[in-house]
Amino acid sequence: MISFINILVNGLLMGGIYAITAVGLSMQYGVARILNIAHGEFIMVAAFLTWMLHTTLGINPILCLAIVGPILFVLGYLVRHYLFKTLKEKTPSPAAFEGNSMLMAFGLLFVIQSLATYIWGKNIVGYDFMRYSVYLGEIRFAANRLVIMITAVIICFLFYLFLTKTRTGKAIRASSQDPDAAALMGVDINRMLTLCFALGALMAGFAGVLLSMEYKLDTFMGMGHTIIAIIVMVLGGLGSIPGSLVGGFILGIFYGIVSGIEPGLTEAAYYLLFMLLLLFKPSGLFGR
Amino acid sequence: MLEVKNLNVFYGNVQVLWDVCLRVEEGEIVALVGANGAGKTTLLNAITGLVKPASGSVTFMGQDITGLPPNAVVELGISYFPEGGRLFPDMSILENLEMGAFIKSSWKKRKERLEKVYQIFPLLKERRKQMAKTLSGGERQMLAMGRVLMSDPKLGLFDELSYGMAPKLVKESFKMLQKLRDNGLTILLNEQNVKQSLEIADRAYVLENGRIVSGGSCEELLHSDHVRKAYLGL
Numbered sequence: 001m002i003s004f005i006n007i008l009v010n011g012l013l014m015g016g017i018y019a020i021t022a023v024g025l026s027m028q029y030g031v032a033r034i035l036n037i038a039h040g041e042f043i044m045v046a047a048f049l050t051w052m053l054h055t056t057l058g059i060n061p062i063l064c065l066a067i068v069g070p071i072l073f074v075l076g077y078l079v080r081h082y083l084f085k086t087l088k089e090k091t092p093s094p095a096a097f098e099g100n101s102m103l104m105a106f107g108l109l110f111v112i113q114s115l116a117t118y119i120w121g122k123n124i125v126g127y128d129f130m131r132y133s134v135y136l137g138e139i140r141f142a143a144n145r146l147v148i149m150i151t152a153v154i155i156c157f158l159f160y161l162f163l164t165k166t167r168t169g170k171a172i173r174a175s176s177q178d179p180d181a182a183a184l185m186g187v188d189i190n191r192m193l194t195l196c197f198a199l200g201a202l203m204a205g206f207a208g209v210l211l212s213m214e215y216k217l218d219t220f221m222g223m224g225h226t227i228i229a230i231i232v233m234v235l236g237g238l239g240s241i242p243g244s245l246v247g248g249f250i251l252g253i254f255y256g257i258v259s260g261i262e263p264g265l266t267e268a269a270y271y272l273l274f275m276l277l278l279l280f281k282p283s284g285l286f287g288r
Numbered sequence: 001m002l003e004v005k006n007l008n009v010f011y012g013n014v015q016v017l018w019d020v021c022l023r024v025e026e027g028e029i030v031a032l033v034g035a036n037g038a039g040k041t042t043l044l045n046a047i048t049g050l051v052k053p054a055s056g057s058v059t060f061m062g063q064d065i066t067g068l069p070p071n072a073v074v075e076l077g078i079s080y081f082p083e084g085g086r087l088f089p090d091m092s093i094l095e096n097l098e099m100g101a102f103i104k105s106s107w108k109k110r111k112e113r114l115e116k117v118y119q120i121f122p123l124l125k126e127r128r129k130q131m132a133k134t135l136s137g138g139e140r141q142m143l144a145m146g147r148v149l150m151s152d153p154k155l156g157l158f159d160e161l162s163y164g165m166a167p168k169l170v171k172e173s174f175k176m177l178q179k180l181r182d183n184g185l186t187i188l189l190n191e192q193n194v195k196q197s198l199e200i201a202d203r204a205y206v207l208e209n210g211r212i213v214s215g216g217s218c219e220e221l222l223h224s225d226h227v228r229k230a231y232l233g234l
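Here the protein sequences come in this chain order: A and B.
When you line the first sequence up against our numbering, it's residues 1 to 288, in that order.
When you line the second sequence up against our numbering, it's residues 1 to 234, in that order.
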């Protein structure tokens with residue numbers, strides 16, 4: 001029983017972070033049509049900023065959500081406004097833009113990674129945050145993991161409310177389903193695309209802050225997160241935002257189960273799952 | 001209410017509309033008929049701002065709207081029914097209708113507008129939680145028409161209302177359209193289905209290869225030799 005709950009908690013812990021990461025990528029791919037290969041680099045920057053703020057200024061990492069998140073939002077805004085929007089204006093067709101924007105994101109990946117390595121060095125860094133145990137009844141939890149899990153679930157829930165209950169959220173979903181029709185409803189599509197990219201970066205920011213509370217950081221950590229986000233996106237259905245939320249938690253639980261049996265095999269299991277999905281359910285859970 | 005004057009539109013180097021002039025008065029249903037590729041959709045797109053005209057003007061209620069972006073045109077009271085309805089498939093009926101009231105001035109009044117639309121199409125109220133992609137053809141048509149009304153438009157532009165529909169549904173759709181006119185909407189209708197649209201419209205224009213070749217009351221056109229030969233197969 002306890003080991004089952006441990007698997008579940010581990011799964012929800014990773015699942016929450018996966019869901020946030022994948023929703024971010026989905027916002028950028030599903031709406032703005034940018035497969036942002038540099039997504040993980042945004043996560044890495046957010047994690048390092050949190051580490052800096054915590055170790056030099058002593059700011060509580062939870063509070064960093066409110067500082068680092070907005071910084072990443074602005075960074076995402078600038079990247080879309082100055083790089084991808086200009087690229088889109090210079091690209092003749094939407095199909096060509098999907099290819100070119102991915103290449104642009106590749107460039108961005110290495111620029112951010114190199115700059116980060118230049119600034120923060122090649123060493124592995126990290127900090128201790130709430131590394132003690134709490135008991136809920138009989139069951140022991142690592143306090144920081146519990147905080148990460150709860151925060152991630154709250155962020156996902158709030159974001160879900162934003163998408164389903166607010167005017168802007170509905171416009172985002174409409175734009176992802178049919179941008180031309182959304183424009184006819186009076187949605188300013190160009191502004192919406194920039195907003196979606198920035199929101200994607202905000203999600204990367206949240207994921208980075210949460211990751212830094214438990215895991216060690218290095219400037220090459222980004223790629224792994226990008227790939228997991230892509231797997232979750234395929235699992236949930238390309239571009240489907242609810243699919244990414246649910247897919248994140250499913251992959252998290254999958255992680256919990258596999259790492260409960262044999263921790264060394266989690267990565268192999270991920271890629272196997274990814275390949276099986278492509279073969280048997282390429283449209284994903286919520287795919288159209 | 002709407003006046004299009006000497007409109008010229010190019011796609012790249014190809015001219016698709018030549019000196020098009022057209023007028024729609026308040027309360028009318030005006031049909032724009034012509035074959036596929038005659039430039040009907042381009043004309044509507046130029047009115048709504050999806051396409052920028054090279055020269056000419058579009059005036060709506062006395063205001064020059066030539067080249068305004070789509071969101072500004074919607075704001076002024078022109079609503080567009082795109083070919084095929086273009087519903088948001090993964091949103092509910094209610095959410096699709098809400099999107100129809102997206103512009104700021106309508107969003108505040110969306111509750112009243114919803115009641116109005118539900119009054120005209122009661123079925124939409126019953127099914128409001130249902131996803132658009134699960135609706136039948138007739139229900140989709142109803143929803144797309146309801147969505148047009150959500151911004152409280154004065155003029156509705158309908159692009160190929162009957163496109164790809166079963167004959168029974170075509171009839172129903174034209175009935176719905178008349179219902180909208182009875183509720184105070186002025187209508188400019190783009191149709192390949194020449195006979196049916198001439199039957200419900202007040203006036204019509206015939207567009208061929210980007211030029212308006214004739215226009216007048218539907219009565220006249222139904223009896224003109226050219227229209228009978230080219231479009232009615234008589």
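Simulated from the structure, these hints should not be mistaken for lab results.
Keep in mind that this is a model prediction, so the values were computed, not measured.
Even glycine gets a Cβ: it sits at the ideal position worked out from N, Cα and C.
Be careful, since some hints might not be right.
Cross-link-like lysine-lysine pairs, in silico, DSS-like; alpha carbons within 27 Å at most [stated by the list, open to error]:
no., chain 1, residue 1, chain 2, residue 2
1, B, 168, A, 165
2, B, 52, A, 85
3, B, 52, B, 179
4, B, 116, A, 85
5, B, 129, A, 165
6, A, 165, B, 109
7, B, 129, B, 108
8, A, 165, B, 171
9, A, 165, B, 125
10, A, 165, B, 133
11, B, 52, B, 125
12, B, 111, B, 154
13, A, 281, B, 154
14, B, 111, A, 165
15, B, 179, B, 133
16, B, 52, B, 116
17, A, 165, B, 108
18, B, 171, B, 229
19, B, 52, B, 108
20, B, 109, B, 171
21, B, 125, A, 88
22, B, 229, A, 90
Chain B side only, calculated, beta carbon under 8 Å to chain A, not exhaustive [what the hints assert, rightly or not]:
no., residue
23, 100
24, 102
25, 163
26, 182
Estimated spans, in silico, between C-beta atoms of each pair [said to hold, decoys possible]:
no., chain 1, residue 1, chain 2, residue 2, range
27, A, 162, B, 229, 21 to 29 Å
28, B, 72, A, 94, 19 to 27 Å
29, B, 109, A, 115, 47 to 55 Å
30, B, 6, A, 283, 46 to 54 Å
Going down the list of hints, with the structure as the test:
no., hint, in the structure
1, 168(B) - 165(A), "violated (37 Å)"
2, 52(B) - 85(A), "holds (20 Å)"
3, 52(B) - 179(B), "violated (32 Å)"
4, 116(B) - 85(A), "violated (40 Å)"
5, 129(B) - 165(A), "holds (14 Å)"
6, 165(A) - 109(B), "holds (16 Å)"
7, 129(B) - 108(B), "holds (21 Å)"
8, 165(A) - 171(B), "violated (37 Å)"
9, 165(A) - 125(B), "holds (19 Å)"
10, 165(A) - 133(B), "holds (20 Å)"
11, 52(B) - 125(B), "violated (38 Å)"
12, 111(B) - 154(B), "holds (19 Å)"
13, 281(A) - 154(B), "violated (47 Å)"
14, 111(B) - 165(A), "holds (15 Å)"
15, 179(B) - 133(B), "holds (25 Å)"
16, 52(B) - 116(B), "violated (34 Å)"
17, 165(A) - 108(B), "holds (15 Å)"
18, 171(B) - 229(B), "holds (23 Å)"
19, 52(B) - 108(B), "violated (30 Å)"
20, 109(B) - 171(B), "violated (32 Å)"
21, 125(B) - 88(A), "violated (41 Å)"
22, 229(B) - 90(A), "violated (47 Å)"
23, 100, "holds (6 Å)"
24, 102, "holds (5 Å)"
25, 163, "violated (15 Å)"
26, 182, "violated (24 Å)"
27, 162(A) - 229(B): 21 to 29 Å, "violated (58 Å)"
28, 72(B) - 94(A): 19 to 27 Å, "holds (24 Å)"
29, 109(B) - 115(A): 47 to 55 Å, "holds (50 Å)"
30, 6(B) - 283(A): 46 to 54 Å, "holds (49 Å)"
In the structure shown, a violation is registered for the earlier hints numbered 1, 3, 4, 8, 11, 13, 16, 19, 20, 21, 22, 25, 26 and 27, in ascending order.
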